[in-house]
Amino acid sequence: MGKFKYTQENEVKYQETLKKYPKIDSMMLPALWLVQEQEGWVSPDAMIYVADKLGKSPIQVYEFATFYTMFNLKPIGTYHIEICKTLSCMIMGANELKQFVKHSLGIEPGQTSKDGKFHLSEVECQGACGGAPMMALNNKYHENLTVEKLEKLIKECK
Amino acid sequence: MGANQTLVKTVKVVSENFDIPNAHTLDVALKNGRYSSLDKLFTMSPDEVTQEVCLSGLRGKGGGGAHCGPKWQLMPKNDPRPAYLIVNGDESEPGTFKDRQIFQYDPHLLIEGIICSCYAINAHDAYIYIRGEYKGFIDRLNGAIQEAYDAKIIGDKVMNKYDFRVNITVHRGGGAYICGEKSALIESLEGKRGHPRLKPHGKECEWFFDNPATVNNVETISTVPFIIKHGYEAYTAYGTKQSPGTMLFAMSGPVKNPGVYELAFGNKMMDVINTLGGGMREGKQLKAVIPGGSSCPILTAEEAQNAVLDYESMWDIGSTLGTGGMMIIPHDVSMVDVAKNLIEFYHHESCGQCTPCREGTSWIDKILKKILEGEGEAEDLKTILDVCETMNGKTVCVFAPAVKDIIKSIIEKFKDEFIAEFKNKNLI
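From first to last, the protein sequence lines are chains A and B. Going letter by letter, the first sequence gives residues 1 to 158 in my numbering. Going letter by letter, the second sequence gives residues 1001 to 1428 in my numbering.
One or more hints might be untrue.
[What the hints assert, rightly or not] Okay, derived cross-link-like pairs now, BS3-like style, lysine-lysine, Cα gap no bigger than 30 angstroms in a straight line:
hint: 1; chain 1: A; residue 1: Lys74; chain 2: B; residue 2: Lys1340
hint: 2; chain 1: A; residue 1: Lys149; chain 2: B; residue 2: Lys1340
hint: 3; chain 1: A; residue 1: Lys20; chain 2: B; residue 2: Lys1157
hint: 4; chain 1: A; residue 1: Lys98; chain 2: B; residue 2: Lys1370
hint: 5; chain 1: A; residue 1: Lys140; chain 2: B; residue 2: Lys1012
hint: 6; chain 1: B; residue 1: Lys1135; chain 2: A; residue 2: Lys114
hint: 7; chain 1: A; residue 1: Lys152; chain 2: B; residue 2: Lys1284
hint: 8; chain 1: A; residue 1: Lys23; chain 2: B; residue 2: Lys1152
hint: 9; chain 1: A; residue 1: Lys19; chain 2: B; residue 2: Lys1192
hint: 10; chain 1: A; residue 1: Lys98; chain 2: B; residue 2: Lys1340
hint: 11; chain 1: B; residue 1: Lys1157; chain 2: A; residue 2: Lys13
hint: 12; chain 1: B; residue 1: Lys1256; chain 2: A; residue 2: Lys149
hint: 13; chain 1: B; residue 1: Lys1040; chain 2: A; residue 2: Lys20
hint: 14; chain 1: B; residue 1: Lys1284; chain 2: A; residue 2: Lys149
hint: 15; chain 1: B; residue 1: Lys1135; chain 2: A; residue 2: Lys5
hint: 16; chain 1: B; residue 1: Lys1152; chain 2: A; residue 2: Lys19
hint: 17; chain 1: A; residue 1: Lys13; chain 2: B; residue 2: Lys1135
hint: 18; chain 1: A; residue 1: Lys19; chain 2: B; residue 2: Lys1161
hint: 19; chain 1: B; residue 1: Lys1340; chain 2: A; residue 2: Lys140
hint: 20; chain 1: A; residue 1: Lys74; chain 2: B; residue 2: Lys1135
hint: 21; chain 1: A; residue 1: Lys13; chain 2: A; residue 2: Lys117
hint: 22; chain 1: A; residue 1: Lys74; chain 2: B; residue 2: Lys1192
hint: 23; chain 1: B; residue 1: Lys1340; chain 2: A; residue 2: Lys102
hint: 24; chain 1: B; residue 1: Lys1152; chain 2: A; residue 2: Lys20
hint: 25; chain 1: B; residue 1: Lys1152; chain 2: A; residue 2: Lys13
hint: 26; chain 1: B; residue 1: Lys1135; chain 2: A; residue 2: Lys20
hint: 27; chain 1: A; residue 1: Lys98; chain 2: B; residue 2: Lys1369
hint: 28; chain 1: A; residue 1: Lys20; chain 2: B; residue 2: Lys1192
hint: 29; chain 1: A; residue 1: Lys19; chain 2: B; residue 2: Lys1077
hint: 30; chain 1: A; residue 1: Lys102; chain 2: B; residue 2: Lys1370
hint: 31; chain 1: A; residue 1: Lys23; chain 2: B; residue 2: Lys1199
hint: 32; chain 1: A; residue 1: Lys23; chain 2: B; residue 2: Lys1135
hint: 33; chain 1: B; residue 1: Lys1199; chain 2: A; residue 2: Lys20
hint: 34; chain 1: B; residue 1: Lys1135; chain 2: A; residue 2: Lys152
hint: 35; chain 1: A; residue 1: Lys98; chain 2: B; residue 2: Lys1366
hint: 36; chain 1: B; residue 1: Lys1284; chain 2: A; residue 2: Lys102
[Stated by the list, open to error] Here are a few chain A residues that sit away from chain B, every Cβ distance over 12 angstroms (derived from the structure):
hint: 37; residue: Gln38
hint: 38; residue: Pro44
hint: 39; residue: Asp52
hint: 40; residue: Pro58
Derived by calculation from the structure, the hints in this document are not laboratory data. Note that beta-carbon positions come from the ideal geometry of N, C-alpha and C, so glycine has one too.
Working from the sequences, and respecting the hints, build out all of it.
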């Protein structure tokens, strides 16, 4: 048995959620979300923990977690910058936002800054096309974004 | 505005409360008519509710446009197994951002719609599957559901008086576009990878852990209370004969007022873009429109002049209405870049189950990259179209045929732009 364990609070949440489904199999997504909310990423150790809880083999959890791109399979920075790159955002200037992050923080998509603070992802359509270009900063949407607004948001993170 | 422009007016069926401050809270929602369809609902039998929805001609708003009432009729009668309502809020089609308006501005409308729909199909448990990126909207909806439980609007009884149990659970997705496909969504809800299922030969309902289930889009379900409360004729008063009613149309790209507008079916696309959308921004000219999410064949500016926003009219001009999310493409964007951008999306999102789709999206992506790097040759466009044909109709779900539709339409309608990228133009 590894080191990962739900906090008491998350264990309660897990048990509450479990009651809502006809079979425990449905708990795969909710259980992994609880892991990621707790740790910021989903470690192999946590996958074994979830497998054990759900009566699955670790490989079943692994093949599931690797399919769903929102699960971080490595630790990422404190601030997760997700810039949408799909069509309407591309047309409205997503590339300039990406270039700005690259130059100001020195990270490419998929990289974490050396101080461990920022992680940059280029993501596909986030359903905010009317407010293009956009980014999500730790899940919070920022729409109608400009380089100036982005600079301000990044400063506030520091 | 041009001389022949007709002013398009928005209508209020689903969007009725969108502009009311704090309509997402129960107090304000109740004051503004939420849950007022339920007294009438419980005077009707479930079959009468289904019949009313059949007569309204309500069609699925998630992109497919299947009729809602007949879908409900596929649920087996007198089946001892529990029935389930699954609400599709995965909303991942590029250009589509309408269901989030309901989560954000009027979540109680969705809850009311779920109560009506559960009653019609005799389901007591509803799951709302929402894309994981919508964390903020999920929190908003969960807040509303909790309020509804606390006020005993849902739970063991509806409105604390009608003897019908309804439980609602929000299920947060994990960032896979394919989970918007109804059978992939159910697979995901069953704790598996989102791989679409083979479709049965005949028409039947969906199956959730081998129990009968219906999957409907958020907006579709949110339209049901209006139909119950006002009767089907109030709904068919909007729209056209074959596409009755209204839809939340979305507009994005360099127009002056991008956003979501509820409209009756049957408006001219350019009237909508030029009046509600305010026309193109300064210095931008219209080059093309992708009419209803990125999986619909593209329309040139000329074709868009004649486009009418209902299902049949869009089919007549060789495209589809899809989700109603129009993406406006201006004159200064290269169509090769558009094709590359979209194929990157589909390459990334292909679930990998079927070889033609997994490999096809990857190959088109590689060939377009080569063209953009100036290494394109005359043969390349032919190869892309060949790959498109290999993807068409040979896979479990409609993902690959949709890729074929969009890529083929861009290449055929804007071939010159691709040729302009080739290194040796004499070969053409």
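| Between lysine 13 (chain A) and lysine 1135 (chain B), does the CA-CA distance stay at or below 30 angstroms? | holds, 17 angstroms
| said: Does lysine 1192 (chain B) sit within 30 angstroms of lysine 19 (chain A), going by the straight-line distance between their CA atoms? | reply: Distance ~19 angstroms between lysine 19 (chain A) and lysine 1192 (chain B) Cα, so the pair holds.
| message | Need the status of pair lysine 1340 (chain B), lysine 140 (chain A): alpha-carbon distance at most 30 angstroms? | response | Holds, at roughly 28 angstroms.
| If you draw a straight line from the CA of lysine 19 (chain A) to the CA of lysine 1077 (chain B), is it 30 angstroms or shorter? | holds, 27 angstroms
| message | Please verify whether lysine 1284 (chain B) and lysine 149 (chain A) have alpha carbons no more than 30 angstroms apart. | response | holds, 24 angstroms
| task | Sort out whether lysine 1012 (chain B) lies within 30 angstroms of lysine 140 (chain A), counting only the CA atoms. | result | Judged against 30 angstroms, a Cα distance of about 29 angstroms means the pair holds.
| message | Hint check: lysine 102 (chain A) vs lysine 1370 (chain B), CA-CA at most 30 angstroms. Holds or violated? | response | With Cα atoms ~25 angstroms apart, lysine 102 (chain A) and lysine 1370 (chain B) stay inside 30 angstroms; holds.
| field | Status of the stated non-contact between proline 58 (chain A) and chain B (beta carbon gap over 12 angstroms) | value | holds, 14 angstroms
| field | 30 angstroms limit on alpha-carbon distance, applied to hinted pair lysine 1152 (chain B) and lysine 20 (chain A) | value | Cα-Cα ~17 angstroms, so holds.
| Agreement of lysine 149 (chain A) and lysine 1340 (chain B) with the hint, judged by alpha carbon distance not exceeding 30 angstroms | Given that 30 angstroms is the threshold and the Cα spacing comes to 28 angstroms, the pair holds.
| said: Between the alpha carbons of lysine 98 (chain A) and lysine 1370 (chain B), is the straight-line distance 30 angstroms or under? | reply: holds, 23 angstroms
| query | Taking only the CA atoms, is the gap from lysine 1135 (chain B) to lysine 20 (chain A) under or equal to 30 angstroms? | reply | holds, 20 angstroms
Taken one by one, the earlier hints all hold for this structure without exception.
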